[in-house]
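A.B. asks: So you can see what is in the structure, the chains are spelled out below.
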Amino acid sequence: MAATHDVLVIGAGIVGAACALALQREGLRVGLVDAASPGSGVTAAGMGHLVALDETEDELDLCLLSLRLWDQFMERHPGVGEPLRCGTLWVAEDEQQMQHALLRAERLSRRGWHAEALNGDALARREPALRSGLCGAVRVGGDSVVYPPAVAAFLARQLQDEGGSLYLGQRVVALASGGLMLANGMRMSAAHMVVAAGVHSAALLPEVPVAPRKGHLAITDRYPGRLSHQVVSMNYGQAASGADALAVAANVQPRATGQWLVGSCRQDGVHDSAVDPAVLAAVLRSAMALLPCLADMNIVRTWTGMRPATPDGRPIIGAHPELAGVWLATGHEGLGVTTAFGTSQLLADQIMGRPGSIDATAYQPSRFVLQRNAA
Amino acid sequence: MIVDVNGTMVEVEDGASVIAALVVADTLCTRISVSGQPRFAVCGMGQCQECRVTIDGSKHRLACQTPCRTGMVIRTGERA
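For the record, the sequence lines run as chains B and X. Using the numbering used here, the first residue of the first sequence is number 750, and each one after it goes up by one. Using the numbering used here, the first residue of the second sequence is number 2, and each one after it goes up by one.
Some hints could be false.
Simulated restraints, written as ranges between beta carbons of each label pair [as the list claims (entries may be wrong)]:
{"no.": "1", "chain 1": "B", "residue 1": "Ala1038", "chain 2": "X", "residue 2": "Pro39", "range": "33 to 41 Å"}
{"no.": "2", "chain 1": "X", "residue 1": "Gly58", "chain 2": "B", "residue 2": "Gly912", "range": "22 to 30 Å"}
{"no.": "3", "chain 1": "B", "residue 1": "Ile1048", "chain 2": "X", "residue 2": "Gly58", "range": "16 to 24 Å"}
{"no.": "4", "chain 1": "B", "residue 1": "Arg875", "chain 2": "X", "residue 2": "Asp57", "range": "24 to 32 Å"}
{"no.": "5", "chain 1": "B", "residue 1": "His826", "chain 2": "X", "residue 2": "Gly58", "range": "25 to 33 Å"}
Calculated directly from the structure, the hints in this document are not laboratory data. All residues carry an ideal CB built from backbone N, CA and C; glycine is no exception.
Model the full structure from these sequences, guided by the hints.
C.D. replies: Laid out in structure tokens, this is it:
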């Protein structure tokens, strides 16, 4: 390799591309390596929902840090990634879900991320395509939608424009302190290496517990004007999922073209990426239960994606506890697009030895690797 | 039988497809693509999706696969 790098980032998904650019801007010489092309893996399979999730305080911290960085990105680069600030409607079908929705509105608003509770009538006025008889919803106005692979490709181009290097079509097959090896036998060296390889991370570092959590998606023809918010059931993230369990929750997104992107489901322990018609049917039924007009709309494409999931549902961001100079930015499950910029900031702070703007303790790789050694 | 193509009444034979009615009406555009180009039927067998039109208010119907019915209202040239 002719070029000399301070950092090699493995994986040019949206997380890896954001990390590479952030580190280049720290004055380091960065090389970004990907087995295919920027944003062509799970980054291209997801919905691109920029959403404040609040299952835990630290999740909300990371989401809000990231969403504010997304706001800056969209301001500086208008139109990149087809952004649409459609907001999220968290829809409650019963009183119990409504209670949870009210708590969410309170939590988000307290943190300055505006969320308003809507009763059933107000909800019907805001989103007439929803079925009648719903309890209400929380409307989160600052949430957005982007097309993630376009953003990843843009970040990779920015990296090059700012002096970084891109190595595409290069699969990394081995990794150690100080260097890596490509499938073609070539070796590259750098003081720091960042593994941002999503579900492929465990192939390089078996001690990193990132496993595929399969999802199904469908996209419709164009029906402009029928839907103005991303509509998500309050059931999202609540339904139990264990080994082989299927968790389904309606999650329907309006695209700028008038198409609807329809999800969602989670399946663990399924490694086959084929569309399973029974699972897809369950996803579509749950969406139609909220948005009945979907039944008459054409679906033009269906696909699946493998979210990189960790045992505790949190991403892994920070130093590998045993391999000096090896850093991890992986395991973001379904939230990697939302949290890409926050992740890049947390990682850059740690590599540069600065205190971060939020507490990164919950994301440290040592929580898994040390557990393994203790076992 | 008579069908309505973009407000013009057109007479077609029994068994005619909607795409045939468009040809009779001299309407050689079914829809406008994402990039703003006019489109028309290509394959004539329900695969290419280029012939999508709005029929009786229902969007994205395949003109080549739909037989005309008396009084049918057909709208073309929409961004679809």
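A.B. asks: Determine for every hint whether it applies to the structure shown.
C.D. replies: Right, here's what the structure says about each hint:
Hint check: Ala1038/B to Pro39/X, Cβ distance near 38 Å, so the stated range 33 to 41 Å holds. Between Gly58/X and Gly912/B the beta carbon distance is about 56 Å. The supplied range of 22 to 30 Å is therefore violated. With their beta carbons about 20 Å apart, Ile1048/B and Gly58/X fall inside the hinted range of 16 to 24 Å. Taking the beta carbon of each, Arg875/B and Asp57/X are about 29 Å apart, inside 24 to 32 Å as hinted.
Checked against the given bound of 25 to 33 Å, the beta carbons of His826/B and Gly58/X, roughly 40 Å apart, lie outside it.
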